[in-house]
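Participant: Chain residues, written in single-letter form:
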Amino acid sequence: MKKRYIFLALILLGSAGGLLFLDNLPDATRLAPEQLLLKARMPGHYISSDVLADKIISGDPSLLLVDLRDSVAYAQYSLPNALNIPYQKLLNKDNIGYFDQDQFDVVLYSNDHLISDQSWLLLTSKNFNNLYVLENGLNGFFSTILHPKEPSPGAPNKDFELYSLRKASSYFFGVPMPNAVHNASGIAGVSETGGTLKTKKRKAIVIRKKKKKKIGGC
Amino acid sequence: MGPLIPNELLSPEWNNVVALVIGFAFGYIMEASGFSSSRKLVGVFYGYDFAVLRVFFTAAIVAMIGILYLSKLGYVNFDDLYIQPTYMKSVIIGGLIMGLGFVVGGFCPGTSLCAAGIGKIDGLVFIFGLMLGVVLFSEFFPYLESTFNANNLGGVTLKETLGLSHEWTVFLFTAIGIVAFYITTLIGRHIRKVYY
Amino acid sequence: MSYWNEDHKHDYWNPYFGGFLLGILLIFTFYMTGRGLGASGAMKSTVVFALHEIAPEHVEQSAYYSRFVEKEKSPLNTWLIFEVLGAIGGAFLSGALSGRAKFRIQHSPNISSKKRLILALLGGVLFGFGSQLARGCTSGAALSGLAVMATAGFVSMMAIFGGGYLFAYFFRKNWI
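Same order as they appear, the protein sequences are chains A, B and C.
Just so you know, we're using numbering that gives the first Met the number 0 here: the first sequence kicks off at 0 and counts up by one.
Just so you know, we're using numbering that gives the first Met the number 0 here: the second sequence kicks off at 0 and counts up by one.
Just so you know, we're using numbering that gives the first Met the number 0 here: the third sequence kicks off at 0 and counts up by one.
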């Protein structure tokens, strides 16, 4: 038996044995719990109704709205251009591409912000970025933007400015201005009831970081 | 993080170029190791030449160790690698038929390509036979379908089937391989050296 | 220049060296493409392509062939076909450099060339049939499977070599 073969055999055995003592690297696809908690405590991932309304009106192209409610509720009303991903189907492999990407700021919302908070936590733990939650959900959006409360007469001037701004944006979302009701019939898409939103249900095209189906050799 | 092409770190247009380069190296290494000679290949079954066993086991051991190191050090995502599904029944029956074909024909598909590459007519005929075998298989496929699809265990590794961790699989396989190398060297001493 | 002459045409690489390089190549293949090497898949693609040209209806109705026919993509435009073309080229280069490349039929002195060709054809048919049943050949199923510790890789390796040893006795006169 030649010495060099013994030497080579020992190298092979040694490198195979080395594997037994090598720990796995932490899984890069999951966020460590302490970092997740830190991220969750920071309020930075909340987006207020006013900011969102502004983004929608200005047509921010990097915005991707995701409606987490079921398809029935979504069909009745939703925000313009929102995508419907019921939260039960959040992690389906068809949907995960919408979150595992870098090109959009994804805003999650449901009726309140409970489900969207939980969904945010779930997605963030998978190390996805650019995720936001609509503060107070659709209900909050309705009460602040679509039907803003008129400030009491003694309120500061700032409140009135905010009120008129919200009132103006509510017009964008299809709620007729009180003084415009009588000539609203000429404007297509404006509902007389004032409560429902007419939205174009258009699907956003996301270039997903999707994984190719694994294909075999022989 | 690899694998590069499925993760689109390298654009899919490179796919065929990479295939050509890898194939070239594959053919070169096999031919240079003597895999283009059917008499050398079958030697492993009659004990006069163990080149197949040595090359095959060394390659498997080196690849196993390397891939596991790459995955542990974070260069490759092991879950993204293709692990072929295990259909117990068809793999065993098909494997035995292939073993029979090996001792009858003297090649396996990869080595017959090498033989054909350096102009061996028997290698070329073997390739033709392979294609005939494929035709035969698909003509009889309706009768074979139940065997073909029986005992599907999915894309499993020994970790799932035997509960043996990847590290121990590699270590034991390496040890077995080295023992096999040693034994074949002992056998080889008693047999005269022949070139084919 | 002394190496590249006829005297050395039977000098093959040290098998451990060849095996080491093959292992490195396998790692590289997995790192690049996420799967291993293969050979029999290319034969299947060629068959599907050829039959699709001759009898397209038969191929599309066949339960087995039809799995591999895709619209707007030739069955020949696959990874494995390119790999196999490369392999033939690589083998030719190695053979040509060492003076092994020439047209000949290699057989044991005990059998005639004709018998050798008949046996090669028969062996090819068996191997082709078996590789389709087992979903891969020695390189595609056994070697690449072993590299990722797939159960199918271990089982097919044992079945192929076990089958070889099992039947080797009956064909010994053809080889030794």
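Note that these hints are calculated values from the structure, not bench results.
Check each hint, because a few of them may be wrong.
Here are the computed distance ranges between Cβ atoms for each label pair [unchecked claim]:
1. C:62 with A:96: 47 to 55 angstroms
2. C:73 with B:185: 48 to 56 angstroms
3. A:29 with B:13: 28 to 36 angstroms
Far from chain A, some chain B residues (derived; all Cβ distances over 12 angstroms) [stated by the list, open to error]:
4. 20
5. 61
6. 87
7. 140
8. 157
9. 178
A few chain A residues that face chain B, going by a derived Cβ cut-off under 7 angstroms, partial list only [to be verified]:
10. 8
11. 9
12. 10
13. 11
14. 13
15. 14
16. 15
17. 19
18. 23
19. 56
No residue lacks a Cβ here, since even glycine has one placed at the ideal position from N, Cα and C.
Participant: Next step is simple, just say for each hint if it's right about the structure.
Facilitator: Okay, the hints, checked on the actual structure:
Against the hinted window of 47 to 55 angstroms, the Cβ-Cβ separation of residue 62 of chain C and residue 96 of chain A comes to about 33 angstroms, which falls outside the hint. Evaluation of the 48 to 56 angstroms hint for residue 73 of chain C and residue 185 of chain B yields a pass: the beta carbon distance comes to about 51 angstroms. A hinted range of 28 to 36 angstroms for the beta carbons of residue 29 of chain A and residue 13 of chain B is consistent with their spacing of about 30 angstroms. Taking the minimum C-beta to C-beta distance to chain A, about 16 angstroms, the non-interface status of residue 20 of chain B holds against the 12 angstroms cut.
With a least CB separation of 8 angstroms from chain A, residue 61 of chain B falls inside the 12 angstroms interface cut-off, contrary to its annotation. At roughly 17 angstroms from the closest C-beta of chain A, the C-beta of residue 87 of chain B stays outside 12 angstroms, upholding its exclusion from the interface. Listed as outside the interface, residue 140 of chain B is consistent with that label: its C-beta sits roughly 17 angstroms from the nearest C-beta of chain A, beyond the 12 angstroms cut-off. In this structure residue 157 of chain B is separated from chain A by more than 12 angstroms, as the shortest Cβ-Cβ distance comes to about 14 angstroms.
Its beta-carbon lying about 10 angstroms from the closest one in chain A, residue 178 of chain B breaks the requirement of being farther than 12 angstroms from that chain. At its closest, the beta carbon of residue 8 of chain A sits 5 angstroms from a beta carbon of chain B; the interface hint therefore holds under the 7 angstroms criterion. Evaluation of the residue 9 of chain A hint against chain B yields a violated restraint, the C-beta minimum of about 9 angstroms exceeding 7 angstroms. Restraint check, residue 10 of chain A versus chain B: the minimum CB separation of about 10 angstroms is more than 7 angstroms; hint violated.
Using the Cβ-Cβ criterion of 7 angstroms, the hint placing residue 11 of chain A at the interface with chain B is satisfied: the shortest such distance is roughly 6 angstroms. Hint status for residue 13 of chain A relative to chain B: violated, with the closest Cβ pair at about 10 angstroms, above 7 angstroms. Taken as an interface hint, residue 14 of chain A checks out: its beta carbon lies about 5 angstroms from the nearest beta carbon of chain B, inside 7 angstroms. Restraint check, residue 15 of chain A versus chain B: the minimum CB separation of about 4 angstroms is within 7 angstroms; hint holds.
The interface hint given for residue 19 of chain A holds, since its Cβ lies 5 angstroms from the closest Cβ of chain B, which is under the 7 angstroms cut-off. For residue 23 of chain A, the shortest C-beta to C-beta distance to chain B is roughly 6 angstroms, which falls under 7 angstroms, so the interface hint holds. Nearest Cβ of chain B to the Cβ of residue 56 of chain A: about 35 angstroms, over the 7 angstroms cut. The hint is violated.
Consistency with the previously given hints fails for numbers 1, 5, 9, 11, 12, 14 and 19, ordered from lowest to highest.
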